[in-house]
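Based on the sequences and whatever the hints tell you, model everything.
Spelled out from the first residue to the last, the chains are:
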Amino acid sequence: MADLLERRPTARAKEVTRRRRWGRPGTWIAAAVFGFFFVNLAGVVGVPLADSFGTRWFTTWLPEGWTTKWYGAAWREFSLGQVFWTTALVSVLVVAVSVLIGVPAAYALARRSFPGKKLVLLLFLLPILVPPLTYGIPLATVLYKFHLAGTLTGVVLANLVPSVPFVVLTMTPFIEQIDPRIEAAARMCGARTGSVLLRVLTPLLVPGILAASVLVLVRTVGMFELTFLTAGPDSQTLVVALYYAVFSAGIRTQQSIDAMAVMYTLSMLVLLVIALRFVNPTQLVTRVKEEHTHP
Amino acid sequence: MSPSGSSPGSTSSFGSLCCERVSRSFGRQRALHELDLEIRGGEFVALLGPSGCGKSTALNCLAGLLPLTGGAILLDGERIDRLAPERRGFGMVFQNYALFPHMTVRGNVAFGLKMARVPKARARERTDRALELVHLTAHAHKRPGQLSGGQQQRVAIARAVVLEPRLVLMDEPLSNLDAALRLEMRTEIRRLHQRLGLTTVYVTHDQEEALSLADRLVVLRDGRTQQIGTPEEVYARPANRYVAGFMGYRNMLDVTVTGPGPTPALTLAGSRITGTDRDGVPVGERATAAVRPEDLEVVPDGTPHPGGTLPATVEVVEYHGRELAVQARLSDGQALHLRTRERLAPDDEVRVAAPPERVLVFGPDDAGDADDAGEDARGDSATYAGKRPKAVSA
Amino acid sequence: MDRTLLLAAPGVAFLLLLFCYPFGYGLGLSFQPKDGGGALANYRRFFDDPYLRETIWITLKLAVPAALVNCLAAVPVAFRTRGPFRGRRLITTLLVMPITLGTVLTAQGLLGYLGPNGWLNKALRGIGLIDQPLELVHNYWGVLASLIITGFPFAYLLTLSYLTGIDPSLEQAAATLGARRAQRFRYVLLPLLAPGLAITFCLSFVLAFAVFPSAQLVGDPRGETHVISIEAYQAAFQKFDYALGSAIAMVMAAVMLAVVLLVLGWRSLLYRGATGGKG
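So the protein lines, in turn, are chains C, W and Z.
Here my numbering = 1-based position in the first sequence + 891.
Here my numbering = 1-based position in the second sequence + 46.
Here my numbering = 1-based position in the third sequence + 10.
Check the hints yourself; a few may be wrong.
Below, in silico cross-link-like pairs of lysine-lysine (DSS-like), each with a Cα-Cα straight-line distance of 25 angstroms or less [unchecked claim]:
1. K249/Z <-> K1036/C
2. K166/W <-> K188/W
3. K44/Z <-> K249/Z
4. K44/Z <-> K1036/C
5. K188/W <-> K160/W
Hints listed in this document are in silico derivations from the structure and should not be mistaken for laboratory results.
All figures in this text were calculated on a predicted structure; none of them were measured in a lab.
Okay, structure coming up:
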């Protein structure tokens, strides 16, 4: 008893926690991976960031002086106003259409089972599992055939190919967890199909639709391959404009390319932070199975 | 007899397990506050309370799955509260069973023996015996996913007892089963305890389960111990009105103490009755009289009763087979729940009485008084809301 | 006819039109070589030319190690970040951040950071580990680094989602049965995680196998990192030989499918049922 009173409980609890946290080999490996990852990530991000704000930078640790002029230069040189507008337009169109097509399909898949359902699920799974470049080449060929490639419509259509299945696959488990008895209850209260959809289902679906939309937005802004294969000079999104900027870099300065890359990363970062507020990070990737979280 | 045949009291038992002021906080929230409890070898102790009362926290602290934030756990005088769970040698049955889904039933039961590096032949023998004990020999090759809830439950128990642990911890093991199976498994658990003599700590929110299984009960509320005692003690002499409410004293009546002594006179709705003092409430103070519905009886008009009688009006009558569950109203508007074999009908005027030793008088509770009353009221309305559609369909 | 099913019709029609039809069209086109020579001429051309044939091997040599490294690194990190702790949100955001970088910033960053006068070589020379700068860009290593940086977040998030899907009470149960930390990992968590890891590997591999921009930007696109996707793109959109481009895309799909089937075949030997979750 005396021994008990001498030790302050909090100190002991801390000791326990400390031992638990630092005594394990797994923790050390994880810390090493963390450290290695973050140091190199900082290097990879830091170099273009410093360069985009630097006047001249050759072999020293840091640029000789600092300036923000490259951002203005990049904006004019690559007509980024137009590019940002295209990017926003393409992304919003892709989000809207994929939600319009994807949510009803997800509802049907979540609520009904029918012969060939597995085949339909596979159809919705494949465009996400197969890398865009593989189906992008035949897809672009077809779009060229119908004179859609090079236009905004073509870019939107191409980007919808992975987006529609993505909405379907994220919304299906979401709809499955809404108790179908709620709809039955609404009908028992006298609601017609329209009212059930509008007044009962839609409010319940909004969080899921919001999450799926944000994720599709992030994926579309970041989608390089499909846009690259189908975009013309007037329908380039930011990623693609960035790639062309590097490739035709002969007369362009490295700094303005870096400034543009930093602008791209910043916009993606903003979208990502917004996305992480709405969704569990594990939803950023395709969920192959329903995921359970534990406190 | 334990599954391996070694006698209880050798390796698998202990003299006493002491919890000394065991506490656990989550941030500022105290989930368990200074639990003092001594468990003797071979005893069956139940931790009882509603969800969030700290009973599962206490169990996890005993198992070593949660570090304590205060106090100590001593096993025969040796501190064990800083040992990792795998070094305590306790067995645990989890609420959701936590069976390893990728192993067969046999693999699950044998897992602990494998960890303890018990020689193969010996391990096989002990596993067989444990499976036999829970009647699962025929299912040994199946995966947990192929079993029914009751069978999974038995695998969990076999897995916990095959190591002949010094202490078996059970976390609401019956809560996922349906009513009939729950009764069956309750008997099964009691039988296993009698047969193996393993010291057991059992967590439940069901007072009936606790009363029927345990040698001793620990009633918890908001992390604090309310009462420790044998089932008879807790049932007949609850320590406070909270325990009384939890133990089926459904009538919590506002009374005024009008007489002195251990069996004071009380005024309730203008009538005089007699109760048994539990808190030393002084004369003239308001108090609560706790009475079980089954301790109230309907007495014929004009018959004197040693405890005095109360006039009441019948409001709702429910048919419960041999007897009726009746809700009546006193003249001051308080509701009265009773059970009777008299054939009463709504609006009947009756006189009700209870033996003085069954009318427990408690002083005002220091915390949660209003809450309890509110909960009672909610409980009632819920009952009726739930009953009405049934009556319609019947 | 159930009218609810009609809700799925637009989605199915859309994919049939813009996914299945182009795929089939591409497959058909690949058997109609531009310059004639029989149905298999495009494939023969691809497999006869060592410069083209080699691209498969070059791509595999990049994609398999990248996917392996990402999966293996993701496991301890996911383990460390699965429970609640202070700053978890920040750490997860940082780990996921490379998704936002995009190929170009990654490439520019790698060129600067790993280049002969970059921070890494400067630092290594500064502490005396090396005399000559390491050659890390415009070759195999630059592309591998790029694949790891962009692929790790996906592997990490998938692993994390599989890991948090395992009921924590299984681990606790193992602990009360006397299993030490390493044994709990070996006998309980790893078997339950393995099928998920197989899927994670497949997705990481597929992602890395289609490597295209980084091979151009930080690699040596005519030599060491002459990957199959570059050849497919160039055939279709620079030489305008859509038939050959489609044929190479089909070869790509076939190789990916072969590796994925191999991994999934191994996975089918594992336990794949429920991993607890919440009852």
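Broken hints, by number:
none
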